[in-house]
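Model the placement of chain B on the given structure of chain A, informed by the hints.
So the sequence lines, in the order shown, correspond to chains A and B. Reading the first sequence from the start, the letters are residues 0 to 149 in numbering that gives the first Met the number 0. Reading the second sequence from the start, the letters are residues 0 to 155 in numbering that gives the first Met the number 0.
Hints listed in this document are in silico derivations from the structure and should not be mistaken for laboratory results. Beta carbons: idealized from backbone N, C-alpha and C, even for Gly. Worth double-checking, as some hints may not be accurate.
Going by beta-carbon spacing under 8 Å, a handful of chain A positions derived as facing chain B [what the hints assert, rightly or not]: (1) Phe117; (2) Thr119; (3) Arg124; (4) Ile129; (5) Gly133; (6) Pro134.
Just some of the chain A residues that point at chain B, by a computed CB distance under 7 Å [to be verified]: (7) Gly112; (8) Ile116; (9) Arg122.
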Amino acid sequence: MIVSRKTSVLLLSAFILVCTALPARAQDKISIVVKTVLASQGEEYIDPSLKDLAKELQSVFRYSSYRLLGQDKMSLGKGQTGTASLPGDRSLKITPLSTKGDRVTLKLEIIKGGRQIFQTEARLRNRSSITVGGPKYKGGYLLFNIFGSF
Amino acid sequence: MKTHNTACDPTLLNLLYDGELSPEEDATVRDHLKNCPACRKELERNESVSHIFKDELNRELSLINQAALERKIVDRIQKKRAPFLAGFRNIFSPLRLLVPAAAVAGMVFFFFFTIKSPAPNSSPSAIINSFTGDVSSVMILETPETHQTIIWINEI
Chain A
0 MIVSRKTSVL
10 LLSAFILVCT
20 ALPARAQDKI
30 SIVVKTVLAS
40 QGEEYIDPSL
50 KDLAKELQSV
60 FRYSSYRLLG
70 QDKMSLGKGQ
80 TGTASLPGDR
90 SLKITPLSTK
100 GDRVTLKLEI
110 IKGGRQIFQT
120 EARLRNRSSI
130 TVGGPKYKGG
140 YLLFNIFGSF
Chain B
0 MKTHNTACDP
10 TLLNLLYDGE
20 LSPEEDATVR
30 DHLKNCPACR
40 KELERNESVS
50 HIFKDELNRE
60 LSLINQAALE
70 RKIVDRIQKK
80 RAPFLAGFRN
90 IFSPLRLLVP
100 AAAVAGMVFF
110 FFFTIKSPAP
120 NSSPSAIINS
130 FTGDVSSVMI
140 LETPETHQTI
150 IWINEI
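Bound-form chain A, shown alone (with noise of 0.2 Å):
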């Protein structure tokens, strides 16, 4: 008996120090995933994966209809660049560059026809995201919404 009880207390502490341990290894990479969205009028219509980030654009804007038009996901360490293919000879890169507390400043660069027309540091809430929007597209306006956790 006396044995069993020395290996739970072995156990429960290694188990207590793993726990301890992911948190900080889980912080090396951020994970990032981008949404485009054509927003526009007409026809009301949102797309059942939007349902959530669609009432909250509805809150500032007066589009009708909201459809998804791709998703990206990417996992980037810090200095590390993602793109995310985007329409209209579009992309949207992504760079970590660092963290602190509960948030992450990432570096948005939007590039048209292989020129940057666009470029932003944002320090991001974990869990959280911003939409980029305005580009025109098909009668609508394209939002970009990229959510980061660590």
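Chain B only, in chain A's frame:
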């Protein structure tokens, strides 16, 4: 060799019952018992008392946790031989570690669950440090409920 008087002697009767007489003395006392009802009665009384004592003792012993008693005795012996080592072992015995370890584990789990499911945040989802662009205008908006940050650009 010491010789015992064969007259009625309670001491001899006790020694006989305990089997502590020599073979010759045993024979002499038994011979006396054949002719002495009083001594026979006394011997029977002693045997009866002895049986009751043994039964009660066995009953009490059967109630004792012998493994725990053995451990206690071993601990006392170890303490006497190496008091520091016994104390050191006591401090780090599994039972003493289990409760604080369980408390630490509970705190760790509580910490992780509160961190993973934090309360709703009132700060913007993204704080803009800087922006540049070949655009005609830039608007920075924040949704009222979840404070999501939106950057609206008008391309040239």
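Exercise for the section: Please verify that hint: isoleucine 129 (chain A), Cβ, nearest Cβ of chain B, below 8 Å or not. Expected result: 4 Å, holds
Practice task
Let me know if the C-beta of arginine 122 (chain A) comes in closer than 7 Å to any C-beta of chain B, holds or violated.
Solution key: With Cβ-Cβ at 4 Å, under 7 Å, it holds.
Handout entry: Hint status (Cβ of glycine 112 (chain A) to nearest Cβ of chain B, threshold 7 Å)
Key = 11 Å, violated
Handout entry: Hint check, proline 134 (chain A) versus chain B [nearest Cβ-Cβ separation less than 8 Å]
Key = Holds. Min distance 6 Å.
Handout entry: Restraint check, 8 Å cut-off on beta carbons, for glycine 133 (chain A) near chain B
Key = 4 Å, holds
Practice task
Could you check if phenylalanine 117 (chain A) really has its C-beta closer than 8 Å to a C-beta on chain B?
Solution key: OK, holds: phenylalanine 117 (chain A) within 8 Å of chain B, min 4 Å.
Exercise for the section: Tell me if arginine 124 (chain A) is really an interface residue toward chain B, meaning its C-beta lies closer than 8 Å to one of theirs. Expected result: 5 Å, holds
Exercise for the section: So, threonine 119 (chain A) near chain B? Judge it on the closest CB pair being under 8 Å. Expected result: 4 Å, holds
Practice task
Answer holds if the nearest beta-carbon of chain B is closer than 7 Å to that of isoleucine 116 (chain A); otherwise answer violated.
Solution key: 5 Å, holds
Violated hints amount to a single one, hint 7; each of the other numbered hints is respected by the structure.
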